[in-house]
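K.L.:
Using the supplied hints, reconstruct the complex from the two chains, each of which is provided in its own coordinate frame.
Residue numbers (this note's numbering), protein chains in the order written: chain A, 1 to 114; chain B, 1001 to 1115.
These are computed hints drawn from the structure, not numbers from a lab. Among the hints, a few may not be true.
Keeping only pairs whose Cα atoms sit at most 20 Å apart, straight-line, the calculated SDA-like set for lysine to any residue is [to be verified]:
(1) B/K1053 <-> A/L46
(2) B/K1053 <-> A/G85
(3) B/K1003 <-> A/G93
(4) B/K1003 <-> A/E38
(5) B/K1055 <-> A/G93
Now the stretches of chain B that chain A is said to cover, found in silico as 3 or more residues with beta-carbon under 8 Å [as the list claims (entries may be wrong)]:
(6) 1028-1041
(7) 1106-1113
Even glycine gets a Cβ: it sits at the ideal position worked out from N, Cα and C.
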Amino acid sequence: TQLLEQSPQFLSIQEGENLTVYCNSSSVFSSLQWYRQEPGEGPVLLVTVVTGGEVKKLKRLTFQFGDARKDSSLHITAAQPGDTGLYLCAGGGAGGTSYGKLTFGQGTILTVHP
Amino acid sequence: DVKVTQSSRYLVKRTGEKVFLECVQDMDHENMFWYRQDPGLGLRLIYFSYDVKMKEKGDIPEGYSVSREKKERFSLILESASTNQTSMYLCASSPGGARPYYGYTFGSGTRLTVV
Chain A
1 TQLLEQSPQF LSIQEGENLT VYCNSSSVFS SLQWYRQEPG EGPVLLVTVV TGGEVKKLKR
61 LTFQFGDARK DSSLHITAAQ PGDTGLYLCA GGGAGGTSYG KLTFGQGTIL TVHP
Chain B
1001 DVKVTQSSRY LVKRTGEKVF LECVQDMDHE NMFWYRQDPG LGLRLIYFSY DVKMKEKGDI
1061 PEGYSVSREK KERFSLILES ASTNQTSMYL CASSPGGARP YYGYTFGSGT RLTVV
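Just chain B, with the same shape it has in the complex (with noise of 0.2 Å):
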């Protein structure tokens, strides 16, 4: 069974803390995404990147950074962590190409609370 695993399902870290969110996928694709969930504002894109190495500023990129060494790895970084970064978290992974998606397959989600 095809799957995006994420490290942590439940996260509590400390203002100011430096924070790593790990993902990782069996798949093979090049495209991995990090995104937010927060209520009435739907999902919204942090970072992505289409291979590795290589990474692209989403909507809402402020206070967060991301590493890309391995294909199948895809890592979000709070720099330092505030309590208006307390989200679910979810990180997603697709097949590459411009041709019509075949969609996202998403991890669980990591529920992070900043105190």
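Only chain A is shown next, with the shape it has when bound in the complex (with noise of 0.2 Å):
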């Protein structure tokens, strides 16, 4: 079983400050995507990487794939009340008889104060 390790677990932070969200695994991903759930709302795709270096950027989310495949950085810039919420990782095996499962990290629960 492939494992992901994400950490920080809790995040508190004040309105305007930057934060680094970091999931690592032992094990080598063919993509790794993050996700962000609001309470009581099911996960909500935020992106996807899929090549070692990889650097996407969404406004003010900053997301990186690692060289080796094997972990991945959310970095916020100026985080607002609105970035508040359980932030998640997960990683897609090889292809072949994968169908598509992931595995998710444990999460980061992120409180942003005004």
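P.N.:
Dropping the structure here:
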């Protein structure tokens, strides 16, 4: 079973601060995704990265996939209260019989105070 | 607006009851999944299906079964509910194939309490 370790588990910051969430594994993933989940709702996909070293930006969010495709990070610049939520990383295994299965990290609960 | 719909947002059941959780997607996706979400444990895969009538066990299938008679519908069955099955259950779907993934579309979840 592939495992994804996400850190930190909890993050409480003030509006305007920057933050980084990490997702690490000893396994190689063919793709890495980040989701955001708000209370009472299912997770919503933010981004998919598939190439080692890939960097994607989504407004104030920057996502990076490690060169060896074993780790990823999510960086938020100038956090806002609307960024509050549970952030989940998820790794996709090799192709073939994986049928699109994802392995999820434990999640990071982010609270941004006004 | 494409979506995954879970039939109930909240359910309360008694120990020993047979429980059915229903999930329907309108995106013609091949793959469908059932996860449970517990604090500190993340999302754990119970079962998934990659085609009609096809199913495979995930990481924690004990005490659960599934049914996929039609492409759009994937049901999770708790054969005899127990208190340790109290959890948030999330259904998801994704396009088929082994290419880089387009991501899951999740339902809003069913919070099940077994008393």
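K.L.:
For the pair supplied as a hint, B/K1053 and A/L46, is the alpha-carbon distance within the 20 Å limit?
P.N.:
Since the Cα atoms of B/K1053 and A/L46 sit roughly 31 Å apart, the hinted pair is violated (cutoff 20 Å).
K.L.:
Check whether the Cα positions of B/K1003 and A/E38 lie no farther apart than 20 Å.
P.N.:
holds (17 Å)
K.L.:
Against the 20 Å threshold, does the CA-CA distance of B/K1053 and A/G85 hold or violate the hint?
P.N.:
Status violated; Cα separation ~36 Å.
K.L.:
State whether the coverage of the region 1028-1041 of chain B by chain A holds or is violated, taking the criterion as 3 or more residues with Cβ-Cβ distances under 8 Å.
P.N.:
holds (count 5)
K.L.:
For the region 1106-1113 of chain B, do at least 3 residues have a Cβ located nearer than 8 Å to some Cβ of chain A?
P.N.:
Coverage by chain A holds here, the residue count being 4 at a Cβ distance below 8 Å.
K.L.:
Compare the distance between the alpha carbons of B/K1003 and A/G93 with 20 Å, and conclude whether the hinted pair is satisfied.
P.N.:
Violated, because 25 Å separates the two Cα atoms, which is more than 20 Å.
K.L.:
B/K1055 and A/G93 were given as a pair; does the straight-line alpha-carbon distance stay at or below 20 Å?
P.N.:
holds (18 Å)
Going through the hint list in order, the structure does not satisfy hints 1, 2 and 3.
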